[in-house]
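J.: Next come the chains, spelled out residue by residue.
Number of protein chains: 4
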Amino acid sequence: MIKVGIVGGTGYTGVELLRLLAAHPQVKLQVITSRADAGTLVNQMFPNLRGFVDLPFTHPDEAHLEQCDLVFFATPNGIAMQQTRALLEAGVKVIDLAADFRLKDIASWEKWYGMTHACPDLVAEAVYGLPEMNRAQIKTARLVANPGCYPTAVQLGFLPLLEAGVIELGSLIADAKSGVSGAGRKAEISTLFAEAGDNFKAYGVSGHRHLPEIKQGLARAVSKEVGLTFVPHLTPLIRGIHATLYGKLTREVDLQAIFEARYVNEPFVDVLPAGSHPETRSVRGANHCRIAVHRPQGGDTVVVLSVIDNLVKGAAGQAVQNMNIMFGLPENTALNNVPLLP
Amino acid sequence: MIKVGIVGGTGYTGVELLRLLAAHPQVKLQVITSRADAGTLVNQMFPNLRGFVDLPFTHPDEAHLEQCDLVFFATPNGIAMQQTRALLEAGVKVIDLAADFRLKDIASWEKWYGMTHACPDLVAEAVYGLPEMNRAQIKTARLVANPGCYPTAVQLGFLPLLEAGVIELGSLIADAKSGVSGAGRKAEISTLFAEAGDNFKAYGVSGHRHLPEIKQGLARAVSKEVGLTFVPHLTPLIRGIHATLYGKLTREVDLQAIFEARYVNEPFVDVLPAGSHPETRSVRGANHCRIAVHRPQGGDTVVVLSVIDNLVKGAAGQAVQNMNIMFGLPENTALNNVPLLP
Amino acid sequence: MIKVGIVGGTGYTGVELLRLLAAHPQVKLQVITSRADAGTLVNQMFPNLRGFVDLPFTHPDEAHLEQCDLVFFATPNGIAMQQTRALLEAGVKVIDLAADFRLKDIASWEKWYGMTHACPDLVAEAVYGLPEMNRAQIKTARLVANPGCYPTAVQLGFLPLLEAGVIELGSLIADAKSGVSGAGRKAEISTLFAEAGDNFKAYGVSGHRHLPEIKQGLARAVSKEVGLTFVPHLTPLIRGIHATLYGKLTREVDLQAIFEARYVNEPFVDVLPAGSHPETRSVRGANHCRIAVHRPQGGDTVVVLSVIDNLVKGAAGQAVQNMNIMFGLPENTALNNVPLLP
Amino acid sequence: MIKVGIVGGTGYTGVELLRLLAAHPQVKLQVITSRADAGTLVNQMFPNLRGFVDLPFTHPDEAHLEQCDLVFFATPNGIAMQQTRALLEAGVKVIDLAADFRLKDIASWEKWYGMTHACPDLVAEAVYGLPEMNRAQIKTARLVANPGCYPTAVQLGFLPLLEAGVIELGSLIADAKSGVSGAGRKAEISTLFAEAGDNFKAYGVSGHRHLPEIKQGLARAVSKEVGLTFVPHLTPLIRGIHATLYGKLTREVDLQAIFEARYVNEPFVDVLPAGSHPETRSVRGANHCRIAVHRPQGGDTVVVLSVIDNLVKGAAGQAVQNMNIMFGLPENTALNNVPLLP
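Residue numbers (the numbering used here), protein chains in the order written: chain A, 1 to 342; chain B, 1 to 342; chain C, 1 to 342; chain D, 1 to 342.
A hint or two may mislead.
The list cannot tell twin chains apart, which means a pair is met if one copy fits it or any two copies do.
Calculated cross-link-like contacts (lysine to any residue; reagent style SDA-like; alpha-carbon spacing at most 25 Å) [stated by the list, open to error]: (1) 104 to 298; (2) 186 to 22; (3) 248 to 296; (4) 248 to 331.
If you are wondering where the hints come from, they were derived from the structure by calculation, not from laboratory data.
Bound conformation, chain A alone:
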């Protein structure tokens, strides 16, 4: 059994980790920390866990995380980088669901996240936890930077085209739409039901933290810089991301074949039949990414539609997938549930 600790279990990625890990046959949930809610039963805050998780939240000072085999950070940005070194030195593996270890360029990270980084050397060591890109390295990693939600949907959609070298690299467009849980379980006016309900808007058009992360991943795939316009939108879903991706074809290709070949062995990337339109609800609660590729009117613009559940493949599910890989388990352990539709 893998002894697992979770730091910061009161947010949506935290409760989602708990939902998935509660059903994991090789995991022993050791401790879940929360400074503010120490002593409260986890299942009092999240009654869906009644009968599945009986632990209370533990104060970080009493968590003894060094006794775990693996610690997940489901914390705000800037927390994991303070505690990771000690855990690694104690032989504990770490998966950070926040952004602390995602950007290799420290200066860029510090600019976008507005903090000084506490451990640039660990950033260098950290493996970017997108299994479809980095599976081999994840297998042997001590420290995994779990990707952001938008970056997961966008990179999985663009990768086949980039790797096949069939689109212009200078003018990629990612028009992405996210459900409101992506903003986290934080008391804020802008994500109130009466604000975000029955409403649709773009945000962060001038710049969003996931932009450098996506560009880093795409650049790595082609070993050169890419030009990307990224426009995120908030849509009245609880869960779900839909990325609509646009690129300019540079030559005639069988797009469907490229996508199918790229993902033929991937357990969690599902290339839909030609002509399909994936729906966010088709992955609700599950770790799948479903993708369709189109070439409208036979022109030179390729359109990729990519959907994930932002809390699963975009966060907690991908983290469990990474854990499975790191611990040599079948990759879909505890991730084989059928999406909830309707």
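Following the hints, position chains B, C and D against chain A.
T.: Quick look at chains B, C and D alone, frame taken from chain A:
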């Protein structure tokens, strides 16, 4: 392995049965029928099932249901009663998720459902499939009438009070609210997103088909008629029923203790701590009923709050629970998933 | 022109007042205060007001409210009672949309609202601003306590029955459902989209501040105490309240006739034809209350369905209606817009 | 008073026309036709109209539309073209809210709409009713083709850039998101609450009827063909369209100034301050289009955000605006209501 057939797999109870049965280790999905969609892959209509269910819909005439061990009817009312006798005679067990076998009083059934009943003798044989009430009989039943969604939530909320004999029987009130999936996957204007979204209304106040079903169950519990006012409402949820129940206490009792004692051994009925308010999302996608009991201002009115997922404990999940009982399996087989929150 | 000031214009009742007053031909919006947002253009926070309201928020210290003819308080509870005396002494009329002047019983108010009241004498003077009950007194009032949202829907539904003396007074039940805007524009986790969306729950079953307000109003109508069980619920609507009311008939009556007679001259109470089910969206954005009365199965339980828009008839619209009455204007001035459906 | 008839008043554009016209001081609603619902009171189907519209639906054969000054067609495609000639010959002006007269290229229309056109000569005469483009011609038109909802949002967003000649014409991208009311009030499974709720998807990527309409309008603005990729999406809103538009700049320009200058005199197009993100709810129920223009990271991709209410500026409101222009009334008559937020 239990060879299972599903008649009418294109509605919400059908796809929900498939979601649950796809994960059932003792079930072999043999056939799913649909007259209109014969030949279509099930997972083309319901892409959440991609990778889990590979069958096409089969035309009823070619379904060979008699080769199944168990057939679920997820059909409109009036279908199961036409086909059940032949199946039973072929040694196939039947669970009807529609209403054909729910009301023992044939005249009442014919009035509320507007049809002549095809097999009153089978109604007499059928066991009403509320395990918390009829577990022993379900165990040996050939034919189970799976309860309606409202009746499940309302009966589970009232039963402890009735069995304990602590409320007036003449003036029960059930104010129930249902998500829109309860109306089924039918092309109708009144359940369009632009009609039912951001809108709340009562319906059927003068009379609803679930009224006689609830009254029958409550009457059985106390061996006498009960007076019930039942007001259903449509609320902009996809899934979920919240029943708010009112009764007049006839003597001093420890309400919390009554509820806890009644359901202490029930795997799917969860009595919340005193003072709680169950949320529908706390059972989303799961077979649980969560219940809280209140006595506002210490008066003589008792208020029970009862929530279920109308497609799970209110339909497909309860059907699987009944199947597990009928076939001697652990009752929670394939029903042990954590509810999806948020 | 009536010179109008609004104290606390950054909440939902504030922006709704602005929406209505911007179209009022006899109103000059003089000043809108906000401590936190002084200097910000109102229409920057609420872009729906672009082209209609060009004022900035003014700091309370610079508001010169004493130069207004009328001041609306759209503030949290406990603010209006601090400032009302000075305004009244300066000859300014006051309408408080919060609860400071709603309960005549000071001890009860202090218990439910957890504060010491600053001006019990003004509570005695204040007129409860439900025009269908108190029109004559409102006409000459200096200080109006605008009713709560639930109390408006519930009282309008019960009044005809109480005044006609046809129901038992000891066991009234009000099962009420509110949209999320009723909780205000406050940064709180429980009303986030990802918490309140696709979810339904009761709250405050053990006691809610609107309970004593409703009981006070009903008691006044019959000149004796009434027994009421009040259960509020949160439903995933932005706007709207649906109250489902239950009472026990004491004699044979023509319920439809009683309701129609009671409200025949009321411009904002619409009694629907017998057998109707009012929808919350049928009053969205408008000052109407729509009511239907039922007697299921001809029994002795009467069921009243009452819907309002909690921000209009339940708050800002009723406040404008009160203003119109206080200033001798046609009661529907600026309140004659068609509800927005769908 | 303008005597107005509405053909096909049972859909969402019909009820929205009624909402707006009921408040129009120069309009006398003469007749509203419906074949299926003749005899039913309009306000029975749409209770928001109680107290505002007292007419019943009239059977088309008894409608005497030739006695109107103006007839609106709020019908499915293919109806208006059958009846328009007779009306025009009787001296009646016509505004078609469907697509019959939108495309000048008859062959294209017949391909996209799958019908033979009944009156190509009237197509030639018809004026495309986008006032911001064609105001002068609308003023004298007998027959106006009211634009589609997507085309309105997309054209208003692209026009300033095209007219200023600052973007490449070959690779425009319009990523558009629509609320569900855009699909009409038709009994269809795909727009049920339980299908379209909590779900997001693209549709019609291979081709949508609004594509040729948009291309026609944009081409007219620059007197040459444009290349456009148009991807519509369905988002769980009742009302609202958000178009996110992408183009490649061909030279340095002050984008904000271009947009402000283009629309400085337009009563219903609101260019937001630089850096803004318009929300669909900021135009809910109103005839405004709000637009913001961005140039992310100072690159050569321009991003335009354009929002409308699909039922108002995208349908009924624009139709009333066209009527006002045709009859010499102030353009904002009956269109000056404040959007409903929240």
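J.: A separate judgement is required for each hint: does it hold in the structure or not?
T.: Now for the hints, and whether the structure bears them out:
| no. | hint | in the structure |
| --- | --- | --- |
| 1 | 104 to 298 | between (38 Å within a copy, 24 Å between copies) |
| 2 | 186 to 22 | within (24 Å within a copy, 34 Å between copies) |
| 3 | 248 to 296 | both (12 Å within a copy, 19 Å between copies) |
| 4 | 248 to 331 | neither (34 Å within a copy, 43 Å between copies) |
Comparing the model with each earlier hint shows a violation of hint 4 alone; every other hint is respected.
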